[in-house]
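2 protein chains.
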Amino acid sequence: MTRTTLTPNHKPTLDAVAWVEKLAAALSSGTPTQAAQLFEKEGYWRDLVAFTWNIKTLAGRSAISDMIAATMATVAPSNWRVEQDATETDGVVEAWITFDTKEATGRGYLRLRDGLAWTFLTTMTELKNYPEKRNKLRPKGAEHGANKNRQTWLEKRQHEQATLGYSEQPYCLIIGGGQGGIGLGARLRQLEVPTIIIDALPKPGDTWRNRYKSLSLHDPIWYDHMPYIPFPENWPVFTPKDKIGDWLEMYTNVMELNYWGSTRCTQAKYDEDKQEWTVEVDRNGEKLTLHPKQLVLATGMSGIPNIPDIPGMDVFEGEQHHSSKHPGGEAYKGKKCVVLGANNSAHDICCALWENEADVTMIQRSSTHIIKSDSLMELVLGGLYSEEAVENGMTTYKADLTFASIPFEIMPQFHIPAYQAVAEKDAEFYQRLTDAGFLLDFGEDGSGLFMKYLRRGSGYYIDVGASDLVANGEIKLKSGVSIERIKTNSVVLTDGTELEADLIVYATGFGSMNGWAAKIISQEVADKVGKCWGMGSNTAKDPGPWEGELRNMWKPTQQQALWFHGGNLHQSRHYSQYLSLQIKARMEGIETPVYGMEPVHHLS
Amino acid sequence: MTRTTLTPNHKPTLDAVAWVEKLAAALSSGTPTQAAQLFEKEGYWRDLVAFTWNIKTLAGRSAISDMIAATMATVAPSNWRVEQDATETDGVVEAWITFDTKEATGRGYLRLRDGLAWTFLTTMTELKNYPEKRNKLRPKGAEHGANKNRQTWLEKRQHEQATLGYSEQPYCLIIGGGQGGIGLGARLRQLEVPTIIIDALPKPGDTWRNRYKSLSLHDPIWYDHMPYIPFPENWPVFTPKDKIGDWLEMYTNVMELNYWGSTRCTQAKYDEDKQEWTVEVDRNGEKLTLHPKQLVLATGMSGIPNIPDIPGMDVFEGEQHHSSKHPGGEAYKGKKCVVLGANNSAHDICCALWENEADVTMIQRSSTHIIKSDSLMELVLGGLYSEEAVENGMTTYKADLTFASIPFEIMPQFHIPAYQAVAEKDAEFYQRLTDAGFLLDFGEDGSGLFMKYLRRGSGYYIDVGASDLVANGEIKLKSGVSIERIKTNSVVLTDGTELEADLIVYATGFGSMNGWAAKIISQEVADKVGKCWGMGSNTAKDPGPWEGELRNMWKPTQQQALWFHGGNLHQSRHYSQYLSLQIKARMEGIETPVYGMEPVHHLS
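Chains as they are written, first to last, in the working numbering: chain Z, 136 to 739; chain G, 136 to 739.
These are computed hints drawn from the structure, not numbers from a lab. Since the structure is predicted, the reported quantities are computational estimates derived from the model, not experimental observations. All C-beta atoms in this analysis are idealised placements derived from N, C-alpha and C, irrespective of residue type, glycine included. Among these hints, one or two may not hold up.
What the hints assert, rightly or not - Estimated spans, in silico, between C-beta atoms of each pair:
no.: 1; chain 1: G; residue 1: 296; chain 2: Z; residue 2: 724; range: 50 to 56 Å
no.: 2; chain 1: G; residue 1: 546; chain 2: Z; residue 2: 724; range: 53 to 59 Å
no.: 3; chain 1: Z; residue 1: 632; chain 2: G; residue 2: 282; range: 25 to 31 Å
no.: 4; chain 1: G; residue 1: 581; chain 2: Z; residue 2: 149; range: 52 to 58 Å
Start from the sequences, fold in the hints, and give me the full structure.
Right, dumping it as structure tokens:
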């Protein structure tokens with residue numbers, strides 16, 4: 136974003152400038168309580184790394200005052216400015232703000248009501264001494280001049296590929312080469328942090344290519360851009376899985392990432408004395424020991440597959456597998472298929488089986504939130520992520536920051552009205568589903584898809600076609616029941632119904648990401664860091680107490696030098712910036728006192 | 136670009152609006168001479184496809200009136216509008232304009248002096264009935280809904296790859312898979328023109344990878360973007376050859392082009408009756424006959440290598456090759472090397488040989504234009520193609536159109552002052568070169584690099600380091616001479632000097648592109664289309680008469696359905712748009728009466 140000249144006497148801008156000046160004065164005079172008085176009583180300060188070296192939301196004046204008191208001396212914020220004219224809508228003044236800290240530049244977003252901050256977001260943009268080499272700072276590329284020791288770009292790249300992980304150790308190792316690992320790898324490359332990304336599959340993008348064939352991104356393109364290279368203007372709205380695979384492969388290549396395919400991590404252990412990891416990997420048959428200082432698990436926000444333990448599984452004579460291993464519908468023409476679950480994967484798999492002339496029954500154990508893809512785009516995402524938003528001058532960066540500026544605690548109140556509008560618009564559709572016996576919900580508080588995603592990462596389906604099949608009975612439905620036991624060629628449901636089955640798919644979700652830590656490092660470390668994802672909303676699968684931010688994601692954990700990265704393309708893009716800055720700061724020996732680490736409340 | 140609201144009473148805008156209204160009135164009332172009166176006596180109308188289905192500059196009122204009279208009925212222009220506020224600098228009002236024709240939408244750029252048009256550019260932007268599927272029209276990607284005959288993206292793509300060129304014929308065949316063929320292929324893909332690109336080398340990008348190892352783009356990044364996917368903000372200013380190779384490879388892949396590597400065209404012949412080509416190709420050993428309706432030679436604006444015929448070449452016992460076959464300096468440590476020529480390749484090769492401890496002599500036969508890369512960027516390209524230009528809101532598209540708005544006839548007057556500034560700034564540098572005996576020029580009229588490039592495609596070096604080696608004698612120089620004869624281990628120059636030689640490099644340039652037509656089609660067709668490139672400036676290697684536009688490039692030739700495409704990355708990007716529209720219009724059976732074909736004046 137570019138700083139623009141402020142319009143004189145523009146009321147919202149004057150309000151924003153006045154607030155920012157008061158904040159700057161209170162902070163520089165060392166009076167945290169006075170600074171906190173600039174917030175509403177229940178006001179929020181959300182910080183992404185700039186003040187807290189953490190991802191942290193402070194709610195209420197007392198929490199804000201405490202944070203200021205603890206961080207001010209090392210952070211030393213200065214140079215506060217309103218970046219462009221503020222806007223005012225329904226009495227809420229909104230303004231973009233820039234500031235500096237001792238080590239970094241920052242950008243903020245303010246919402247003012249009656250002169251007091253309702254929400255305030257602060258984010259770190261760059262480390263002052265380590266700006267990214269882009270735009271005016273981009274590398275020159277060819278070395279001009281004559282040089283008898285010239286190394287070409289290719290020679291340097293080949294040298295790096297030959298030495299990193301062998302005679303040179305990476306500072307950071309990322310386990311998992313999906314969009315999360317790749318996007319973070321790109322940011323770390325930009326920050327000149329020597330990094331290796333490893334993945335069990337041979338090529339970047341294979342994570343997508345290997346899934347069932349009808350899969351595509353359920354989120355639209357504007358939400359899905361990777362850092363640095365946005366999708367082009369001719370890219371489809373919903374990217375098919377193989378096409379996103381190809382994009383990730385080219386991205387990894389042109390961003391010059393050190394990506395090791397066909398590589399598995401067999402064991403990782405942190406050495407407290409040396410302050411480094413010892414990581415055993417198998418690179419296509421070659422055993423190597425790596426010693427990164429930082430370890431990132433980017434193994435997907437879904438952890439290890441949940442497979443229920445159902446009596447009789449061992450005697451079943453058909454095929455049974457978890458949804459993540461489902462190959463697609465082609466092999467099941469004419470077969471009797473039972474899919475346990477009623478969320479995204481269950482719907483996609485049922486639809487593909489039906490398309491391949493299988494006989495499909497979906498077993499819905501509990502209620503599901505359904506939203507039609509078009510309605511999601513139109514009524515929920517459209518303001519920030521759509522072609523119209525782009526035409527109105529919304530950039531991906533601005534959209535991400537605007538989105539991030541809403542603290543999770545009050546996000547439901549932003550989302551509930553949108554989902555009420557969805558319920559109204561698609562009333563007839565929802566009625567048909569209900570008539571078919573489908574158990575519907577909009578989240579416990581009616582806040583819909585994204586809050587469910589944040590709270591539990593499950594419990595919904597973005598409808599791209601399967602719901603009609605459920606509504607009209609083409610996909611058979613048994614709801615409010617589960618599978619009680621399995622026989623050689625059938626399943627018996629908890630209501631006593633028996634269904635013949637050639638295939639059982641367990642679309643039963645995934646465990647917490649710290650399950651990967653248990654598998655790769657140790658159960659002890661997995662328990663030390665505790666549950667990942669969710670924020671203590673005290674709704675299903677997200678037990679309290681309230682923590683304010685997603686557990687363990689993109690921020691320091693209770694295990695030194697261990698990080699979790701993941702989420703959808705939007706989250707991977709946005710939060711990878713803050714995770715990369717945290718890692719770079721540690722590499723450069725910058726002081727990074729972490730404020731407000733949450734204790735571990737749940738182990739999984 | 137987006138239409139913005141015009142500021143009321145803004146003088147330059149009012150002037151532009153008044154002119155456009157008068158033009159619209161004169162055109163719609165069918166009075167070509169009246170329309171021509173709106174131009175200065177020596178005014179110019181340059182048209183890219185919109186009016187003439189040609190690339191054509193009309194100079195003076197009579198030529199303009201003739202063009203209007205001939206084209207108005209079929210073109211039927213309408214809906215003329217000034218797109219955003221005009222600007223005024225030194226008495227010249229400049230304005231962006233939009234208009235429609237019967238078949239297309241268009242955009243124009245106007246320069247007014249005292250109410251009359253000095254220059255007027257009209258360009259076709261899109262065919263109304265065949266808009267590109269991008270932004271709001273981008274494809275949806277995943278097909279939502281359930282469909283028992285679903286074909287996935289991958290299946291469709293694989294089907295196309297298996298059938299195109301076999302059971303299905305391409306509408307267009309592009310011979311040559313460098314940046315030119317690839318960029319044009321991308322535009323044709325967007326326009327849904329079934330196209331195959333063939334190249335003799337295995338992979339996209341190999342054209343670059345196979346060149347000498349120190350090569351990089353001599354033009355800076357802002358000038359070099361491909362259509363649709365600009366280089367990212369971290370891309371180097373001067374792209375190393377292997378890196379541009381990787382970019383082209385990924386580009387070809389993600390743009391879903393049908394690229395046949397390791398494929399040679401052995402013979403092509405046009406069948407007038409069937410209105411199609413018969414093209415024999417060898418695809419990695421497999422012989423195929425293709426029947427495209429349109430054939431594009433994108434074999435590089437450089438034609439077939441010029442190798443001089445020097446007595447004694449056959450007895451030389453060392454190594455001798457044309458610059459295009461030079462492998463780089465590594466193999467020549469300690470060897471005595473003679474490089475015949477003093478343009479870009481000669482300098483690059485001499486420098487790389489010197490870097491590898493060879494003994495190098497450059498033979499300069501005639502004067503060369505030298506410009507330091509930094510000065511070129513700062514004083515010549517900077518206004519349109521630089522990070523500063525981007526910061527000032529200049530987009531690649533706007534820059535290309537602004538650049539295109541200057542007719543070639545008056546381009547020297549825009550360039551001469553810039554090169555005078557260069558001569559002044561780098562006076563000391565030029566003096567050192569002259570002192571070393573180097574023969575310098577700035578073009579016959581002092582118009583510098585780009586005019587030389589347009590007139591003859593040769594005669595210059597963008598200095599990235601070799602000139603200092605020439606000036607200080609590290610690269611030995613013999614100027615104003617040529618090689619008279621070659622002996623077993625030496626060359627004898629026209630001044631009688633004899634130089635020992637282990638290697639002779641002929642950096643002696645390339646023939647006209649129609650040499651490719653002679654090689655692939657026939658000498659008869661090559662002679663029918665005549666010389667490519669140059670515009671009849673009556674300067675060295677560009678004999679008159681004046682034609683106003685580059686010969687045969689990106690526009691219809693005297694051979695039906697044969698097109699030439701090439702040039703640097705800027706030209707390939709810009710002109711591929713107009714070439715793709717001409718081809719698409721023919722595919723759709725749109726009437727494309729070509730106005731103002733030039734007769735052939737020169738055969739090569």
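Checklist entry - Using the C-beta atoms of residue 546 (chain G) and residue 724 (chain Z), is the stated range 53 to 59 Å upheld? => result holds, 55 Å
Checklist entry - Is the distance from the Cβ of residue 296 (chain G) to the Cβ of residue 724 (chain Z) consistent with 50 to 56 Å? => result holds, 52 Å
Checklist entry - Okay, residue 581 (chain G) versus residue 149 (chain Z) on CB: inside 52 to 58 Å? => result holds, 55 Å
Item to check | Status of the given 25 to 31 Å range, CB of residue 282 (chain G) versus CB of residue 632 (chain Z) | outcome: Since residue 632 (chain Z) and residue 282 (chain G) have Cβ atoms about 30 Å apart, the given range 25 to 31 Å holds.
Every hint from the earlier list agrees with this structure, and none is contradicted.
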